[in-house]
Amino acid sequence: MATVRDAVGGVQSVLVLGGGSDLALATVRRMVADRCHTVVLAARHPDRLEGELAALRGAGAATAESVSFDADDVTSHQKVVDDVFARHGDIDLVLLAFGVLGDQDNFDHDPVAAAAAATTNFVGGVSAGLAVAGQLRAQGHGTLVVFSSVAGVRVRADNLVYGATKAGLDGFASGLSDRLAGTGARVMVVRPGFVHSKMTDGMDPAPFATTPEAVADAVLDGLRRGSEVVWAPPALRLVFGVLRLVPRPVWRRLSAR
Amino acid sequence: MSPPHSSAALLSGWGRTAPSGAELVRPLGLGELRTTLDDAPTRGVIARGLGRSYGDAAQNAGGRVIDTTSVDDVAWFDAERGHIKVAAGASLDELMRHLVPRGWFVPVSPGTRFVTVGGAVASDIHGKNHHRVGSWCDHVSELTLLTPADGQVTVGPDRDPDLFWATAGGMGLTGVILDATVTLTPIETSRLLVDTDRTANLDEVMALMESGDAAYPYSVAWIDLVATGSALGRSVLTRGRFARRHELTGSAARDPLAYSPQVVAGVPPVVPSGLLNRASIRAFNEFWYRKAPARRRDEVQEIPRFWHPLDLVRDWNRLYGARGVVQWQCVVPLEAGGALRRIIAGLAEARCPSFLSVLKRFGPANPGPLSFPGPGWTLSLDIPAMVSGLGPLLDRLDLEVVEVGGRIYLAKDSRLRPELVGDMYPRLDEWRAVRDRADPNGVLRSDLSRRLGLC
Ligand SMILES: Cc1cc2nc3c(=O)[nH]c(=O)nc-3n(C[C@H](O)[C@H](O)[C@H](O)COP(=O)(O)OP(=O)(O)OC[C@H]3O[C@@H](n4cnc5c(N)ncnc54)[C@H](O)[C@@H]3O)c2cc1C
Ligand SMILES: NC(=O)c1ccc[n+]([C@@H]2O[C@H](COP(=O)([O-])OP(=O)(O)OC[C@H]3O[C@@H](n4cnc5c(N)ncnc54)[C@H](OP(=O)(O)O)[C@@H]3O)[C@@H](O)[C@H]2O)c1
Chain A
1 MATVRDAVGG VQSVLVLGGG SDLALATVRR MVADRCHTVV LAARHPDRLE
51 GELAALRGAG AATAESVSFD ADDVTSHQKV VDDVFARHGD IDLVLLAFGV
101 LGDQDNFDHD PVAAAAAATT NFVGGVSAGL AVAGQLRAQG HGTLVVFSSV
151 AGVRVRADNL VYGATKAGLD GFASGLSDRL AGTGARVMVV RPGFVHSKMT
201 DGMDPAPFAT TPEAVADAVL DGLRRGSEVV WAPPALRLVF GVLRLVPRPV
251 WRRLSAR
Chain B
1001 MSPPHSSAAL LSGWGRTAPS GAELVRPLGL GELRTTLDDA PTRGVIARGL
1051 GRSYGDAAQN AGGRVIDTTS VDDVAWFDAE RGHIKVAAGA SLDELMRHLV
1101 PRGWFVPVSP GTRFVTVGGA VASDIHGKNH HRVGSWCDHV SELTLLTPAD
1151 GQVTVGPDRD PDLFWATAGG MGLTGVILDA TVTLTPIETS RLLVDTDRTA
1201 NLDEVMALME SGDAAYPYSV AWIDLVATGS ALGRSVLTRG RFARRHELTG
1251 SAARDPLAYS PQVVAGVPPV VPSGLLNRAS IRAFNEFWYR KAPARRRDEV
1301 QEIPRFWHPL DLVRDWNRLY GARGVVQWQC VVPLEAGGAL RRIIAGLAEA
1351 RCPSFLSVLK RFGPANPGPL SFPGPGWTLS LDIPAMVSGL GPLLDRLDLE
1401 VVEVGGRIYL AKDSRLRPEL VGDMYPRLDE WRAVRDRADP NGVLRSDLSR
1451 RLGLC
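Order-wise, the sequence lines are chains A and B.
So for the first sequence, the working numbering puts the first residue at 1; every next one is plus one.
So for the second sequence, the working numbering puts the first residue at 1001; every next one is plus one.
Everything labelled a hint here was simulated from the structure, so no lab data went into it.
Built from N, CA and C at the ideal position, the CB exists for glycine as well.
Errors might be hidden in some of the hints.
Unchecked claim - With beta-carbon atoms standing in for the labels, derived distance ranges: (1) B/Ser1070 with A/Val239: 50 to 56 Å; (2) A/Ala62 with B/Asp1150: 43 to 49 Å; (3) B/Val1270 with A/Leu243: 26 to 32 Å; (4) B/Leu1275 with A/Gly89: 37 to 43 Å; (5) A/Thr200 with B/Leu1275: 38 to 44 Å; (6) B/Gly1338 with A/Arg57: 34 to 40 Å; (7) B/Pro1367 with A/Ala62: 29 to 35 Å; (8) A/Arg87 with B/Val1270: 54 to 60 Å.
Said to hold, decoys possible - The calculated SDA-like cross-link candidates involving lysine to any residue, where the alpha carbons are at most 25 Å apart (straight line), are: (9) A/Lys198 with A/Ala26; (10) B/Lys1291 with B/Leu1310; (11) A/Lys79 with B/Thr1042; (12) A/Lys79 with B/Pro1041; (13) B/Lys1085 with B/Ala1200; (14) B/Lys1291 with B/Ala1200.
Isolated chain A, as found in the complex (with noise of 0.2 Å):
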């Protein structure tokens, strides 16, 4: 069945890039608890997501399917996007979630390494937010959510290949969203901080460490207000506000951990 946005945010149908994502995961839970009926997983490793797949049904999803998705094979990227707008009509919300972390003092040695997270994370992003934008447009409707991070907002020394990955999907996302301005198509862009994740399993906490769930809530009420930008947790907007400003010495003391 084909839906679209409703006026208090509720979601029909959504697609998650990254489908493993523990942060869309508990984005899609939250959704399906509510009245979303189609779920499809997008990820490296469909078969992975048999577990989560059943729950979904369980929880009350009429379809929940994964399909085959590589960030980094750009070529693809259109294809798969096309595929599951014609099989499953309107898709009301797309999460674009995936992404590597990696580790600094690893890309210091290794810029190859560093090139494939820029690929992953900006390039896939590109190319796979511009293959959603593409269908959006042409349904008339429909919300692109794109998981950047504060890590983008100021550049950290300690992840500045991945801080800087984020600040170019970021930009991406933000000029998109303005590019689809008068089409119905949307992008919102979700900028959270520390959250307890698989990306970060084992890592010291920092400041406003959040969950996956809190996250999902901020996702839903940005959805509800027709937020173009959304922090998790919200008060990071002010924080962030204080330190984008900071001069630059300032920043290196307090941004090394």
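Please arrange chain B with the ligands on chain A, whose structure you already have, making use of the hints.
Same frame as chain A, now just chain B with the ligands:
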């Protein structure tokens, strides 16, 4: 190929909540209007009137939307018998300006005059007189309809009644309405004699309506949904009838059919969100209730004041800011007064801010399978879309409504759970069968029809 006068547009309903992009076509005459179903895009076509439905009924994301408002002529007017054949794009505002000075009134008027004849048919609109005369389509003797299957067809209560009644309240999904022949109401004057009763609570207003509505052609109650406890559901009930000529005095008597509705001011395009919030809405409700007389009889009122006070302010929906407003209107059977009370208590408990809340007692239903009104109590409210917890609250109220066999009004909906629509409209499949005959390939589509899976 795109039809003439088309452009890309972002369209929303009066609530301004979920805009979508479409190809907007503006046919300048009947000839052009007749071509608007040709070469339909894959995402289909829907007609649009003045966009006064609150939700997404007159939008079609990624498809074509036909702006019918330029095709608005009166084909003929029989001033003796009070019949008019008028193009679907004409507004009730234009009709009233034409008819009132000639001693006729529209059979049914909604709370705004800025709706089209096509929109009135497609939503089968109701007014303050439903308990006496039914809804709009009860006064339509013939419709010309453009359907994908058969092109231009003429239907009426005795001419393909299935298609006629499927079109009454059919939300534009059975065809493009080209014109309607409507039976009018004779009036001697343009003034009403209005009785006002302020009631202390819900029981009192329900009792007054039950015992007294039959004596009045027009009746509606404004209800304070903010009041709680013993004041729960306190209301201001206004009921009236058109004055006879001999009942007017002074200047009114010299020009008994005078009619010149005013629009005093507009609202700027950008209004800060939150202007209408819990505090300001609570204050408004208190003021409105206090300002009403406890009891007044035979007050002379003009048509705009009695029916269309909101039309005085152009674009008042902008007052709700960028996030817009959600309307919710239900009807529950007459014997389900308990459910009505639970709904009103639920809204008051949730401190749900609504200031345009209206209670009315409907009369019998007509044969339209998707027509909204039926014997019962109808409650309608406006809530700023930004109010948190609104979605879950309205979902709960929907369940109360379904449980007692009630329904919500599609012309106002923007967020119903799709699985409830079949329970609310049990004749949906019957309607779908007629629709499929008129539109076998599913050309007629709207955001509403997709969101709720209507067809
Ligand atoms: C302030 C206010 C008060 C209101 N009060 C009432 C009330 O008291 N009672 C009541 O019943 N309603 C009320 N309404 C709702 C309103 O009457 C209906 O939504 C009506 O349908 C709006 O008409 P429109 O011309 O603006 O149509 P739109 O909103 O543009 O369209 C509404 C529906 O009609 C269809 N449609 C329009 N024209 C055609 C056509 N030519 N052919 C086929 N389909 C067509 C559209 O596809 C859509 O499904 C109120 C609305 C407002 C804003
Ligand atoms: N966690 C945080 O603290 C945090 C903070 C700010 C922003 N974010 C951003 O939020 C998003 C989601 O993060 P998360 O916390 O949910 O992390 P996560 O659970 O690790 O999810 C990231 C997902 O990206 C997928 N992925 C990586 N490379 C891919 C590729 N080449 N092709 C397809 N999929 C690929 C991973 O798939 P596999 O399962 O196949 O590896 C994984 O499922 C990411 O963009 C992240 O950068 C996270």
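Evaluation of the provided hints:
no.	hint	result
1	B/Ser1070 with A/Val239: 50 to 56 Å	54 Å, holds
2	A/Ala62 with B/Asp1150: 43 to 49 Å	35 Å, violated
3	B/Val1270 with A/Leu243: 26 to 32 Å	31 Å, holds
4	B/Leu1275 with A/Gly89: 37 to 43 Å	38 Å, holds
5	A/Thr200 with B/Leu1275: 38 to 44 Å	42 Å, holds
6	B/Gly1338 with A/Arg57: 34 to 40 Å	37 Å, holds
7	B/Pro1367 with A/Ala62: 29 to 35 Å	33 Å, holds
8	A/Arg87 with B/Val1270: 54 to 60 Å	41 Å, violated
9	A/Lys198 with A/Ala26	13 Å, holds
10	B/Lys1291 with B/Leu1310	17 Å, holds
11	A/Lys79 with B/Thr1042	20 Å, holds
12	A/Lys79 with B/Pro1041	22 Å, holds
13	B/Lys1085 with B/Ala1200	45 Å, violated
14	B/Lys1291 with B/Ala1200	14 Å, holds
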